[in-house]
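Please take these sequences and the hints and turn them into a complete structure.
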Amino acid sequence: MTSTEQRAGRSGARLASRLDHRGSPYLFVSPYFLLFAAFGLFPLGFTLWVSLHRWKLAGDKEFVGIDNYTFLLTNERFGAAVVNTLGMFTLATVPQLLLALLLANALNKRMRGLLYLRMGVLIPMVTSVVAVAIVFSQLFSHRYGMINWAVELFGGEKIDWTASKLTSWTAIATMVDWRWTGYNAIIFLAAMQAIPRDLYEAAAIDGASPRRQFWQITVPQLKPVIIFTVFISTMGGLMLFAEPMMFGNGRLDGGTRGDFQTIGLYIVQAFRERNNFGLAAAAAWLLFVLILVTALVNYLFVNRLRGSK
Amino acid sequence: MKQPKRLRKPWDATVLTRATLILAVLLSIWPLYWMIVIASRDISAATRIPPPLLPGGNLGDNIVRALSDESSHLMAGLVNSLIVSATVTVSVVFISTLAGFAFAKLRFRGSTVLLVTVLLTMMVPLQQIGVVPLYIMMVELGWVNTLQAVILPFLVNGFGIFLMRQYTIQAVPSELVESARMDGASTFRIYWNIVLPAVRPGIAVLALLTFMQNWNEFLWPLIVLQPDNPTVQLAIRGLSETNYGQDYSMIFTGTLLSIVPLVLVFIAFGRQIVGGLMEGAVKE
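Quick mapping for you: the protein sequence lines, in order, are chains A and B. All residue numbers for the first sequence refer to UniProt numbering, where the first residue is 1 and numbers rise by one. All residue numbers for the second sequence refer to UniProt numbering, where the first residue is 1 and numbers rise by one.
Worth flagging that the hints you see were computed from the coordinates, not collected in a lab. There's no promise every hint is true.
[Unchecked claim] Taking CB as the label site, the calculated pair distances span: (1) A:Leu115 to B:Ile169: 23 to 31 angstroms; (2) B:Thr117 to A:Ala202: 35 to 43 angstroms; (3) A:Arg257 to B:Thr20: 37 to 45 angstroms; (4) B:Ile83 to A:Gly59: 32 to 40 angstroms; (5) B:Leu16 to A:His21: 56 to 64 angstroms; (6) A:Leu15 to B:Leu119: 31 to 39 angstroms.
[What the hints assert, rightly or not] In silico negatives: residues of chain B with every beta carbon more than 10 angstroms from chain A: (7) Asp42; (8) Asn58; (9) Ile63; (10) Ala207; (11) Ser258.
[Claimed, not checked] Covered stretches of chain A (chain B as the covering partner; in silico rule of three or more C-beta atoms under 8 angstroms from a C-beta of chain B): (12) 84-93; (13) 111-123.
Here a beta-carbon is modelled for each residue, glycine too, at the ideal position from N, C-alpha and C.
Below is the structure:
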């Protein structure tokens, strides 16, 4: 090889290496952004577009402006779905996160078999929503359910869990809590372990009881993680779908009077059963807005935890 | 209840703490145990008062009945879910480790902005909000009732990128990346030969979580698939609907079969799942 060729070869290699150096990072992150654009961002924009039309699967699409939105915002059934969703969400999330906090605190102590206890509370997460919903629907069944059996055992009267808002919300919230409390506890636990021990030791020397330490050290220190879990629960809770559907024997109407029809069920009902894609899309956008607003409100609320310090 | 203070450290568990935890674990297991009880008995068990507390001997029978139930296509559902979950898992792991490596170890203009963008996309539940246009897309493509329609919207996952970025930062020393580069290794070679082997434990966690999530997906398959070609979740829903109020032992057998793969995975890797969740959580 002559020296010119060598030099050319070397600079060619250097160019390739520089291209690799500069270009590879973008190449490596691009699959995510491309696929996200196609199956995430585009549908979100397209939903907005569809929501401004009278849109059936076949036939003409007619631009109707905000008609779908005004219909929804004045529609009793949709209003009820919003109330139901928020009701079930609150009924599920508040006890869930409080229990998870206490559970995490307990799991943070030193004892034998700790790993097994931690795995134990995670087991519900491993099951499927549909399986859980089927089992719980049976446990909550009116005549033969184990829960009513226990209610009678303690001298109560059998409850028809599907018959009213409060009872059906309770049953559905129970399924959600059963499935997710342990998961949140593990997340809290991870953050608890990062809290320095000397904070507690100092507090103990000052004579603070364990309970006081929990509320005045642990909880404020966990604030970022609490915000995170509240956010995750808000998204999950407001998109509730499988549980209320299975609780209603697979129907989308949330019981005969719509007592537990969520926005998710409403959306699917609108376009599966009524072939009204525009309305479903508008409802989906309203759900999106509701999630953002609820997340913001929750954030502001949790953010005030600092005040207790 | 109070023990002498000098013997007990504040972080030692009290009897009450232990009892609470054991109760919590029992409550966590109970519905699953109940599933096994009913799945292993005859039709009358679910309506008996007082309820039976121990498993019976009919599990084999019930499994045969559930798998051969013609209206629910449970067998097809199990196979479909296996294909879908495995495909999505491979894709998510590959794309997440690649991007996670780039965000963790490579310097490039705009990386912070892009990383924040990934974080923001994580917070928007697009697959659910976009269910109407996604369905229209699949109709236009002629993919309704096909498995690719179920798979495509889930091929990427922002959470996976964060988890793998986190993992790469601590598992792969920067000096190693630099020296490999000095030796003339291309970036992809570094990824393939150095990063991938080092982050294998992280991959295990991500793979398990992704598999579980997709095995459990319900809303989107319900929309885009027809009952004759279900995923496992749709199949057990079908099983529960066509047999509603009649045959709980068969329905519960179906639900039991639907969670067997997940439970097996959990028994094998539960320790890593707990560790992985805790790993991923701290950063948020």
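For each hint, the structure was consulted:
no., hint, result
1, A:Leu115 to B:Ile169: 23 to 31 angstroms, "25 angstroms, holds"
2, B:Thr117 to A:Ala202: 35 to 43 angstroms, "41 angstroms, holds"
3, A:Arg257 to B:Thr20: 37 to 45 angstroms, "39 angstroms, holds"
4, B:Ile83 to A:Gly59: 32 to 40 angstroms, "35 angstroms, holds"
5, B:Leu16 to A:His21: 56 to 64 angstroms, "59 angstroms, holds"
6, A:Leu15 to B:Leu119: 31 to 39 angstroms, "35 angstroms, holds"
7, Asp42, "15 angstroms, holds"
8, Asn58, "17 angstroms, holds"
9, Ile63, "15 angstroms, holds"
10, Ala207, "15 angstroms, holds"
11, Ser258, "5 angstroms, violated"
12, 84-93, "violated (count 0)"
13, 111-123, "holds (count 9)"
In this structure, the earlier hints numbered 11, 12 are contradicted, and the remaining ones agree with it.
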